[in-house]
Amino acid sequence: MIREQPIPTIDWLTLAPMTTVVVAGLVALFIEMFRPKQSNGPIVTVSVVGLALAGALTLAQFGMEPGPTFAGMMVRDQVGLVLQLLLIGVCLLTFLFSDPYLREKKIAFAEFYQLALWSTAGGMIMVSTTNMLMLFLGLEVLSIALYCMAGMDRKQAKSQESAIKYFLLGAFASAFLLMGIAYIYGPTGSLDLGGIAMIAAMPESGYLTMAVFGVGMLLVGLMFKAALVPFHQWAPDVYQGAPTNVTAFMAAASKVAAIGALARVLSASGALQEFWLPALFWVAIATMVVGNFAALVQKDVKRTLGYSSIANAGYVLVALLAHVKKPDQVPLTTALFFLVVYCLMTVGSFAVVSLAAKGGEEGTRFQDLHGLWKRAPFAVGCLIVFVASLIGIPPTAGFFAKLFIFQDALSTGLVPLAIVLAVTSAVSVYYYLGIIQATFVSDEGARKTVSANPSFGLNLVCLFCALAVLVVSLAAAPVSQWLRGSTQLPGEAQARSELQLDSGGRVGAR
Amino acid sequence: MTLPLPLATSMTSDVPLGWFLTLGLFMFVVGGVGVVVRRNPVVVFMCIELMLNAVNLTFLAFARYQIVPGASTEQAALNAMNGQMMVIFVMAVAAAEVAVGLGIIMAIFRLRNEADLDDMSALRG
Numbered sequence: 001m002i003r004e005q006p007i008p009t010i011d012w013l014t015l016a017p018m019t020t021v022v023v024a025g026l027v028a029l030f031i032e033m034f035r036p037k038q039s040n041g042p043i044v045t046v047s048v049v050g051l052a053l054a055g056a057l058t059l060a061q062f063g064m065e066p067g068p069t070f071a072g073m074m075v076r077d078q079v080g081l082v083l084q085l086l087l088i089g090v091c092l093l094t095f096l097f098s099d100p101y102l103r104e105k106k107i108a109f110a111e112f113y114q115l116a117l118w119s120t121a122g123g124m125i126m127v128s129t130t131n132m133l134m135l136f137l138g139l140e141v142l143s144i145a146l147y148c149m150a151g152m153d154r155k156q157a158k159s160q161e162s163a164i165k166y167f168l169l170g171a172f173a174s175a176f177l178l179m180g181i182a183y184i185y186g187p188t189g190s191l192d193l194g195g196i197a198m199i200a201a202m203p204e205s206g207y208l209t210m211a212v213f214g215v216g217m218l219l220v221g222l223m224f225k226a227a228l229v230p231f232h233q234w235a236p237d238v239y240q241g242a243p244t245n246v247t248a249f250m251a252a253a254s255k256v257a258a259i260g261a262l263a264r265v266l267s268a269s270g271a272l273q274e275f276w277l278p279a280l281f282w283v284a285i286a287t288m289v290v291g292n293f294a295a296l297v298q299k300d301v302k303r304t305l306g307y308s309s310i311a312n313a314g315y316v317l318v319a320l321l322a323h324v325k326k327p328d329q330v331p332l333t334t335a336l337f338f339l340v341v342y343c344l345m346t347v348g349s350f351a352v353v354s355l356a357a358k359g360g361e362e363g364t365r366f367q368d369l370h371g372l373w374k375r376a377p378f379a380v381g382c383l384i385v386f387v388a389s390l391i392g393i394p395p396t397a398g399f400f401a402k403l404f405i406f407q408d409a410l411s412t413g414l415v416p417l418a419i420v421l422a423v424t425s426a427v428s429v430y431y432y433l434g435i436i437q438a439t440f441v442s443d444e445g446a447r448k449t450v451s452a453n454p455s456f457g458l459n460l461v462c463l464f465c466a467l468a469v470l471v472v473s474l475a476a477a478p479v480s481q482w483l484r485g486s487t488q489l490p491g492e493a494q495a496r497s498e499l500q501l502d503s504g505g506r507v508g509a510r
Numbered sequence: 001m002t003l004p005l006p007l008a009t010s011m012t013s014d015v016p017l018g019w020f021l022t023l024g025l026f027m028f029v030v031g032g033v034g035v036v037v038r039r040n041p042v043v044v045f046m047c048i049e050l051m052l053n054a055v056n057l058t059f060l061a062f063a064r065y066q067i068v069p070g071a072s073t074e075q076a077a078l079n080a081m082n083g084q085m086m087v088i089f090v091m092a093v094a095a096a097e098v099a100v101g102l103g104i105i106m107a108i109f110r111l112r113n114e115a116d117l118d119d120m121s122a123l124r125g
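Protein chains in written order, with this note's numbering: chain A, 1 to 510; chain B, 1 to 125.
This is chain A alone, in the form it adopts within the complex:
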């Protein structure tokens, strides 16, 4: 018999947001059995109410005692709560414009809502755990639902192709992730990320080799998910082929979850950074360069935005590296701030692009957007805000997000990364303006392009995202102050308490 284990104290509130989202999905599934065939209304209502409740439960936990619960399986901290809230928000925004889009596209697939909810729950688990088993399960719950959603347009070969590509490469990446976990588990006997730091302190060199190999494989798996070069090839294909509302969700939610998990893994393996920091340094450079330069030659809007999301993953990786290099000086706030802004811009832009669907057809090439400004002036106005923010033009939040990363990179001695960030951002102006230009080209004389009338939900999404992009930029200092709260990951909490004031002064000085 094993020694009697005390029953761990359980903080149910930590788990409440995820449970709520999952239960909302189950209830919606039951409603789907009985619903009137023409309307998704009740399903959307239940989903939105469930998400709102989960959001409230997450908000209620801000300021509560951080710490692990469920015997270390879940953890409550500021980073996890912010990212959970962000995931809930992304899901909510996607739902608001999904129903009209699915109807225009004639996709009779009401399971979209349930799958998106469960996918969100998977992402929420991923960002709020330091246990590698939970990390793996969260990742799979997130991904398996996304595979189904990518292929939900069953009549369209493109959608099917994107699903199979995403599925095979996603499962391939999971195998790498698991192999990494196995080799971290071996020498430590623990599935907790804290084990990595234990190995670094061990004298036996064989163990160190195993741990470095394990961390490397784990990082490869997560880099696949976050679409960092050289593991990015699936992203443009999948973003282009999946239905546009799924693309919006996928681009925002899976990136947030993967980056959140990556932040935890990198922080936990800070002791081994002499091995992986040089590699990730080049990954960041390659991601920014490849993402931006490949976007220049694209002819498809969704594909261009896909490459743009790769480039953005590169920027946020710079923020993570700066944080891990000097955790005392650089809080994780920069990365969180960037992720919030990135989600607003990305979901907003894809929502506008989804207007190109009508009567079962959808054109996503640049010429399919021609004349959109006449048919949907408000949406195009908002698109201009999103694109300005993606470029990083000063009054928008995107500018501050990039500026903070730039400052962090400079202050931690990652000067080459800061330079590459600035140069590639300048390059990105060309293709981002191409999107705006396409909407203003007159479509008269040429083949008439079709587009749906913007629905109320879509206008609401555009309005919210555009306003948020502007408000967040006006209130950049207080927002990052709030995000900072206690943005330390477990394991680096000790040395930080004294430096809180310094970094607070830094944020305030911005």
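Everything labelled a hint here was simulated from the structure, so no lab data went into it.
Where is the CB? At the ideal position from N, CA and C, for every residue including glycine.
You may find that some hints are simply not true.
[Said to hold, decoys possible] Calculated pairs, EDC-like style, for lysine to aspartate or glutamate (alpha carbon to alpha carbon, straight line, at most 16 Å):
hint : chain 1 : residue 1 : chain 2 : residue 2
1    : A       : 158       : B       : 119
2    : A       : 158       : B       : 116
3    : A       : 374       : A       : 444
[Stated by the list, open to error] Per the computed footprint, the stretches of chain A lying under chain B, defined by three or more beta-carbons under 8 Å from a beta-carbon of chain B, are:
hint : stretch
4    : 163-169
5    : 176-183
Since chain A is already given, all that's left is putting chain B on it; use the hints.
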């Protein structure tokens, strides 16, 4: 106090841990190469399953041999459970992936009557 079966060191077999790890890595590489070179999605997926089984073998070998330095026998018993639990979850998740993956492959077959990965090139840029 009695320990769960696999933990008493006298019971470990004569095959050293290194061989299990080598076999695991070999299977993993074979699976990885298969994913890259094969064109039939079902075969590609079988190769991924091979990689997952390589991972399972590695977990089980680590769980049985317990190479953690300085761990008490009690701690070793708990550590072993960690690895074995992980294997159960990996198998469960792999089963879920099979369900979804075969569903996607079926949908493609219905749409175009073949599912050669090299012919799926509508998405490129």
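These are the hints, each one checked on the structure:
| no. | hint | result |
| --- | --- | --- |
| 1 | A/158 with B/119 | holds (12 Å) |
| 2 | A/158 with B/116 | holds (14 Å) |
| 3 | A/374 with A/444 | holds (11 Å) |
| 4 | 163-169 | holds (count 5) |
| 5 | 176-183 | holds (count 5) |
Violated hints: none; the structure is consistent with every hint.
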